Amino acid sequence: MSTGIVTTALCKVFPPRRTPWSWRARGTPVAAVSGLSIAIPAGQVTGLLGLNGAGKTTTIRMLSTLLRPTSGTATVDGLDVVADARAVRRRINVIAGGERMVYSRLTGRENLWYFGQLYDVPRARLRRRVGELLELVGLAAAADTPVERYSRGMRQRLVIARGLVNDPAYLLLDEPTLGLDAPIARELRLLVARLAADGVGVLLTSHYLAEVEQLCRHVHVLDGGRLVAQGSPAQLVAQTDRQHVLVVTVGGSVPAAVEAVRAVSRDTGARLDVDVDEAGRDRLTLRHRDDLAGPVVDAVVRAGGSIVTVAVTPPTLEDAILAMSRATPAGVR
Amino acid sequence: MRHALRVVAAEALKQHRRLFGQPLVVFSMLIWPVLTLAVTYYTVLPVTGAPAAGARWAVAGDPRRLLAFLAAGALAYTFFFSLVQSAWHFSFERVSGTLEAVFLSPASRLALVVGNGAGALVQNAWLFGCFAVAAASAADLLRVAHPGMYVVAFVALLVPAVAWGAFLNSLLIFSRDSAFLYTLLDDPLWFVAGVRLPLFALPVWVKAVGLAFPLTSSLVVLRGSLLDGARVAELAAPLAWLAALTVGLFAAAAGLLRWGEARAARTGSLQLF
Amino acid sequence: MAAVWPTFVRNWRVTLRAYPWTYFVGTLATGLLTVGVALLAYRAIGGGRVAASFTAATGGSDYLGYVTVGAAALTFTTRMVLWVAKAQITEYREGTLESQLLTPARRLPYLLGVTLQALTTTVVEVAVLLAAAVALGVRLSVPDPLALVAALAAATVAVLGMSVPLSAVMLAAGEAHITQNTLFTAMALLCGFTFPTGYLPDAARWLGEALPVTWALRVLRAATLPGASVDVPSALAVCLALGAAYLAVGLWILPPAERRALQRSGNA
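Residue numbers (numbering that gives the first Met the number 0), protein chains in the order written: chain A, 0 to 332; chain B, 0 to 272; chain C, 0 to 267.
Just to be clear, a hint being listed does not mean it is correct.
According to the in silico footprint, chain A covers these stretches of chain B (three or more CB under 8 Å from chain A) [as the list claims (entries may be wrong)]:
| id | segment |
| --- | --- |
| 1 | 87-97 |
| 2 | 120-128 |
| 3 | 135-145 |
| 4 | 261-267 |
If you are wondering where the hints come from, they were derived from the structure by calculation, not from laboratory data.
Note that the structure is a prediction, hence the values are computed from the model and not measured.
Here a beta-carbon is modelled for each residue, glycine too, at the ideal position from N, C-alpha and C.
Okay, chain A solo, but in the shape it has when bound (with noise of 0.2 Å):
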């Protein structure tokens, strides 16, 4: 039995929306998601990155049994999601950035409960996860005050509670500090690290790639449904052949620097554009992919220039995805 959530050539297409009085379909079938297979290991937060409409909530979902897929199959720890989709929803739970999910009318304890008795989680064991999982998101306190009077930070950790109240092997989450107050969303990172220093496999899709380069290992990037990349953020960065941006001022008119700094970007092939700034510094940048400051700086000394100041922009995986995106011809969509 294969461990660890696999998707082999996953597809969805949802089909044209019919009107209850007509049987006719309006529009033409989308596909979500095209020949996707990816894996996703116990033990460590992976990543599913795309730009928006790139097929990541259709996985998430698709992987959680809420939508079934088109073709191929994904299982979780060898479960299919189609045939055994109870077994699958026993091991896995979705957290979703906002704060919908939960009851307001109910208090956050009475939440965790009902929903634990959703998973049937064992009657002992659930009084006491109720307690740990209010104590994790710092509700202790108003365990037992209706959730319509939480604050907006409130309503979030809880959604993020019963988004454990499973004990889940794999957590899958879609933008989970999308509109997150920047405390809560830091707590979380460092929750969902440490979930997966203790054997959680965790899918995070987030438009944060900060976040991101934080916490996968592994990184899948989507684009119009299909996979166009994968890899470390470290790899995926340097694939997509970004440059360094490095910014040199020099002090005093130093004509010699300047040739210096010329040849050092006609031997490396780097990208120079020469200027001046508020002072009237000659103000020198680079683009290569590559940190050229150690060679640069050398030679604007060595030809008696002196440096106002460096500054290095290396790339990001930002940077990477959004190439990456544009990479792909539109019409693949």
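We have chain A; now place chains B and C onto it with these hints.
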């Protein structure tokens, strides 16, 4: 099965916590029905007081018996309509996002809708209390053949109501315009079920439509056993029909849930129609 | 008075774009089924005859006409109240109450605009109900046109008068459903839409006398029920006086209710 029972209990309790103590419950279950009962009573009074009306319908001869007849109708109707109302509330869970959270869990869907309906009924137990007090104050109007008939009347009201609630929940979860169904099941329901008129006064086609609703037969049993001193043998036909309807409604609920969820999984929309 | 016309036009546009069919079907069904029950009971139980108490109270024996006109009047009242009393709380819910109150327009012209627009749609809806009742077999006597117009005017004033305080209550409570349905069921009982108010216990009858709609109904009976013994001029006068009094009270309590509603939405 054990898991299903836990789901029924949890859902019923959740339903209770969500709705109990809302002013709407007192208004829609007690104040409005009592006012409407009075309106109905006064509206038919000119007719039941017509010469020889008592010969056509024994109840018409005695205004107190007429009131008891209409009150029994109002009770049963309010009881069944409370399930329409609770199903309507349940359908809001689709909008609020909690329905999806529920569907993520491995809980049996049928157990959920049954639990939801049962929860609505448990909350309305107080309604029976009010009715019992009213009945006790007019004890001479009750004609009960055997104490066991109280149980028969209660079961004939309760069990079909749970099935009706489960069916409505399944129907409204997946309907686009639940407000329309809500309206459709309000006034037309009392009309076809003989809530305000004896069944003999209704045209045949209305009676035929009414038979499809469990309220109609529940009401026949309720009035028969509490007001007319009927025995089980005399009520065998409506009781058998109620049993069949109950089974049918549960089956329809299970089918709708299966169909609706499968469709939702295919189209990504929780709307069946 | 400048706000009457633009409000009228705006509400017409909204109505044409999104007509609330569910409400219409609901109120139409209530009215029609009331007529249906009366019709069936009259035939199957009364054998086509009515009690002497009814003839004595109404001055005639046209039970079906009496109930049908009453059901139509109840539909008229419910629909008008739904439009007029709910106008402001609907604005509040949609978030436009604030922009409404920012303008220098007065409340009364605004409410008159709403009322006039409501009148145009409601008259059509009541006509649909009456046509359906006739199709079911109810025979209506031809009304006295002058008295009918008087009755319609009286009913409009009565409904506007009752709707304005109700609007204030809804705004203050932040709730419409319970308030409106309680009013509808209470009116159905107290005003004598489908039965003579003489049937009611004294206390309930006096409560009914205090409602302008009860008096408007009397004018309507005079117009539609041959043999009805109604002193039209004095009923009309009482109706207008009561309607004006309700309206005055309503306009007086409306501003604090609006402030309360805005305060609540500011806190939320």
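Results for each hint:
no., hint, verdict
1, 87-97, "holds (count 3)"
2, 120-128, "violated (count 0)"
3, 135-145, "violated (count 0)"
4, 261-267, "holds (count 6)"
Of the numbered hints stated above, those contradicted by the structure are hints 2 and 3, listed in ascending order.
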